[in-house]
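Here is how the chains run, residue by residue.
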Amino acid sequence: MYNGTTPAAIGSGLALFILGLEICEPFAQEIDQGERTDAYPKARGVMYIALLSSTAVIAIPIAGIMIATMGLVEPNIWLVAAICAIPSVIAAIAGAAINIVSGAPDQISSTTQANMMPPEVAGTVSLIKAIWPVLLAVVGSLPMVGARIAIADGNPPEAPAVRIAIAIALMTFILAGWIRFRDDIKKSLNNAAAESRGQKTRTGGNS
Amino acid sequence: MSRHPKPPSAQKAESAATHKTESVLPAALIAHNVAKDYGDGPALYPLSLRIEEHEKVALIGHNGSGKTTFLRMATGLLEPASGSITVFGQEPGSMDARSKLSYLADTPTFYDDLSVWEHLEYTARLHNMGTWEQKAADLLGQLGIYDRADDLPTRFSRGLKQKAAIAIAFIRPFELMLVDEPFVGLDADGKEALLDLFDQASAEGAALVVATHELSFVSRTARTIALRDGSLVFDGESSQAEARGLVAVEGTATQD
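For the protein sequence lines, the chains are W and Z, in the order given.
Using this note's numbering, you'd call the opening residue of the first sequence number 1 and step up by one each time.
Using this note's numbering, you'd call the opening residue of the second sequence number 1001 and step up by one each time.
Careful: at least some of the hints might be erroneous.
Here are the simulated SDA-like pairs of lysine to any residue, each with C-alpha atoms no more than 25 Å apart in a straight line [to be verified]:
#, chain 1, residue 1, chain 2, residue 2
1, W, Lys186, Z, Glu1079
2, W, Lys186, Z, Gly1039
3, W, Lys42, Z, Glu1121
4, W, Lys42, W, Phe181
5, Z, Lys1161, W, Pro41
6, W, Lys42, Z, Asp1113
7, W, Lys42, Z, Arg1125
8, W, Lys42, Z, Thr1131
9, Z, Lys1191, Z, Ala1222
10, W, Lys186, Z, Ser1219
11, W, Lys42, Z, Asp1037
12, Z, Lys1161, W, Gly34
13, W, Lys42, Z, Lys1191
14, W, Lys42, Z, Asp1106
15, W, Lys186, Z, Leu1077
16, W, Lys42, Z, Asp1096
17, W, Lys42, Z, Gly1039
18, W, Lys42, Z, Thr1107
19, W, Lys186, Z, Tyr1038
20, W, Lys186, Z, Leu1078
21, W, Lys186, Z, Lys1191
22, W, Lys42, Z, Asp1112
23, W, Lys186, Z, Ser1084
24, W, Lys186, Z, Thr1131
25, W, Lys42, Z, Ala1222
26, W, Lys186, Z, Asp1096
27, W, Lys186, Z, Ser1094
28, W, Lys42, Z, Glu1053
29, Z, Lys1161, W, Gln33
30, W, Lys186, Z, Ala1081
31, Z, Lys1161, Z, Asp1096
32, Z, Lys1161, W, Arg36
33, Z, Lys1161, W, Asp38
34, W, Lys186, Z, Thr1086
35, W, Lys42, Z, Tyr1038
36, W, Lys129, W, Ala15
37, W, Lys186, Z, Ala1222
Some chain Z residues near chain W, calculated using beta-carbon distances under 10 Å [as the list claims (entries may be wrong)]:
#, residue
38, Thr1075
39, Met1095
40, Ala1097
Since the hints were derived computationally from the structure, they do not count as laboratory data.
All values reported here derive from a predicted model rather than from experimental measurement.
Note that CB positions come from ideal geometry on N, CA and C, so glycine has one too.
Starting from the given sequences, assemble the full structure and let the hints guide the process.
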């Protein structure tokens, strides 16, 4: 019954990516108002993670709808449905978050950084920036594919779905760390570069 | 609007403790040979000055004299080319400096989907203010935009946007406020309300540095700093600045 449905994972990922962009709007607005964020006595990364966490809470009912839909079609796979739905929603939020962060003006690095790149490199960087958030959202639907293949092979679907879900969770965790400490990492790199050029560096800053 | 507290316009603002905290630090703001160059010539030549706690200072000068550059460097939004600035002994942009410094920029910026009231709530909560509703209502009442509390400030006229930005700048606790051209776009009532808010904040112990062309504010300050083409040309008593005609020259000659 599910033969040939693998491409549906791509459609599902794309749809969830668009949904992720929508529910990440508060995060996007905070990113867009960098100067306003700098007025608050909170690290920018901490605020971003707080906003993304609240977005994840908003996504719970969406995951619930997905679980309910899958459960209605196949009443015996509630557990597998939950294992598949939760990472797909989380990955959608993660993909949307990367898209938003990558598209925002850089508050830390020099604006000339991109201008220093050769056009070929700048174009490739732009392409990667555009594709990889969507790719991550699509990857979030892979537990469904893993479960389907296991069922087709006559194996229990839970184990492969869980394995892929753990990989997605790990990837999301790393991403969250990147968003939290992105400014600090960039600042450290900038300071290291400035020191190597014998220029003055800053120890504090806006992170 | 019934869900918001009513603004008793005559009521005193929240306790002075909001603005005043014990501090052993020597000065609110110290600039030491701070300079800035945007690449097309110096925007600010090496400038050294010291703003004491509780001081109210007018920063005057022609357009392009370096006022905004200086204020943005003091907030940590702009990095000096050389020299240093400290805010209560801390580096501008650091958490400690941010918690004590309120900055009212010359161009108000708002979140697209938040109403004025939500902006005030968001700002107050991020500064860990336990009770903020009455203060918010008082501010909006004082500025004459209480009835617009639930509207989106992004859709406001220039003057109303400025009033909303003023309310947001004043809702949070601060010990030093840096203000850039706050009177632009305000009507007479708005100007008067802002002057009262400055007086109130000053009376509660906050230090104020206001870049302005508004003579009525300069006359209310004890100290005036004048910049011209990126250089300090005067730093002294406001009465002396007025007597020397500096206020008229640096202030009104370039009014928008």
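So, going through the hints one by one against the coordinates:
With a C-alpha separation of about 16 Å, the suggested pairing of W:Lys186 with Z:Glu1079 holds against the 25 Å cut-off. As the CA atoms of W:Lys186 and Z:Gly1039 are separated by approximately 23 Å, the hinted pair is consistent with the 25 Å bound. Note on W:Lys42 and Z:Glu1121: the hinted pairing holds, with a Cα-Cα distance of about 16 Å set against a maximum of 25 Å. Note on W:Lys42 and W:Phe181: the hinted pairing holds, with a Cα-Cα distance of about 13 Å set against a maximum of 25 Å.
This hinted pair checks out: Z:Lys1161 and W:Pro41 have alpha carbons roughly 24 Å apart, not beyond 25 Å. Our distance criterion of 25 Å between C-alpha atoms is met by W:Lys42 and Z:Asp1113, whose separation comes to about 21 Å. Distance check on the hinted pair: W:Lys42 and Z:Arg1125 sit about 11 Å apart at the alpha-carbon level, within 25 Å; holds. Restraint check: the Cα-Cα separation between W:Lys42 and Z:Thr1131 comes to about 19 Å, which is no more than 25 Å; the hinted pair holds.
A threshold of 25 Å between alpha carbons decides the hint, and for Z:Lys1191 with Z:Ala1222 the separation of about 19 Å falls inside it, so the pair holds. Restraint check for W:Lys186 and Z:Ser1219: the C-alpha separation of about 45 Å exceeds 25 Å, so the hint is violated. Distance check on the hinted pair: W:Lys42 and Z:Asp1037 sit about 29 Å apart at the alpha-carbon level, beyond 25 Å; violated. Distance restraint check for Z:Lys1161 and W:Gly34: the Cα-Cα separation of roughly 19 Å lies within the 25 Å cut-off, and the hinted pair is therefore satisfied.
A C-alpha spacing of about 32 Å is found between W:Lys42 and Z:Lys1191, which places the hinted pair above 25 Å, so the restraint is violated. At most 25 Å may separate the alpha-carbon atoms for a hinted pair to count; W:Lys42 and Z:Asp1106 meet this at roughly 23 Å. Restraint check for W:Lys186 and Z:Leu1077: satisfied, since their Cα atoms lie roughly 16 Å apart, inside the 25 Å limit. Proposed proximity of W:Lys42 and Z:Asp1096 is supported: the alpha carbons are some 10 Å apart, at most 25 Å.
Taken as a hint, the W:Lys42 and Z:Gly1039 pair is broken in the structure, with Cα atoms around 32 Å apart against an allowance of 25 Å. In summary, the hint linking W:Lys42 to Z:Thr1107 is supported, as the alpha carbons are separated by about 23 Å, within the 25 Å threshold. Annotation: proposed proximity of W:Lys186 to Z:Tyr1038 holds, straight-line Cα distance about 22 Å (limit 25 Å). Taking the CA atoms of W:Lys186 and Z:Leu1078, the gap is about 17 Å. The hint holds against a cut of 25 Å.
A threshold of 25 Å between alpha carbons decides the hint, and for W:Lys186 with Z:Lys1191 the separation of about 42 Å lies outside it, so the pair is violated. Taken as a hint, the W:Lys42 and Z:Asp1112 pair is honoured in the structure, with Cα atoms around 21 Å apart against an allowance of 25 Å. The straight-line distance between the Cα atoms of W:Lys186 and Z:Ser1084 is roughly 22 Å, inside the 25 Å bound, and the hint therefore holds. For the hint pairing W:Lys186 with Z:Thr1131, the CA-to-CA distance comes to about 37 Å; that exceeds 25 Å, so the pair is violated.
Restraint check: the Cα-Cα separation between W:Lys42 and Z:Ala1222 comes to about 34 Å, which exceeds 25 Å; the hinted pair is violated. Restraint check for W:Lys186 and Z:Asp1096: satisfied, since their Cα atoms lie roughly 21 Å apart, inside the 25 Å limit. Of the supplied pair hints, the one linking W:Lys186 and Z:Ser1094 holds, its CA atoms being roughly 16 Å apart against a limit of 25 Å. A distance of roughly 24 Å separates the Cα atoms of W:Lys42 and Z:Glu1053; the hinted pair therefore holds under the 25 Å criterion.
Taking the CA atoms of Z:Lys1161 and W:Gln33, the gap is near 16 Å; set against the 25 Å cutoff, the hint holds. Under the criterion of a C-alpha separation no larger than 25 Å, the hint pairing W:Lys186 with Z:Ala1081 is consistent with the structure, at around 19 Å. A threshold of 25 Å between alpha carbons decides the hint, and for Z:Lys1161 with Z:Asp1096 the separation of about 28 Å lies outside it, so the pair is violated. For a cut-off of 25 Å, the pair hint linking Z:Lys1161 to W:Arg36 stands: about 15 Å separates their Cα positions.
Annotation: proposed proximity of Z:Lys1161 to W:Asp38 holds, straight-line Cα distance about 20 Å (limit 25 Å). Our distance criterion of 25 Å between C-alpha atoms is met by W:Lys186 and Z:Thr1086, whose separation comes to about 23 Å. Between W:Lys42 and Z:Tyr1038 the alpha-carbon distance is near 29 Å, which puts this suggested pair outside the 25 Å criterion. Our distance criterion of 25 Å between C-alpha atoms is met by W:Lys129 and W:Ala15, whose separation comes to about 19 Å.
For the hint linking W:Lys186 to Z:Ala1222, the alpha-carbon distance of about 43 Å lies beyond 25 Å, and the restraint is violated. For Z:Thr1075, the shortest C-beta to C-beta distance to chain W is roughly 8 Å, which falls under 10 Å, so the interface hint holds. Checking Z:Met1095 against chain W: minimum C-beta separation of about 5 Å stays under 10 Å; hint holds. A cut of 10 Å between beta carbons decides the hint on Z:Ala1097: the least distance to chain W is about 8 Å, and the hint holds.
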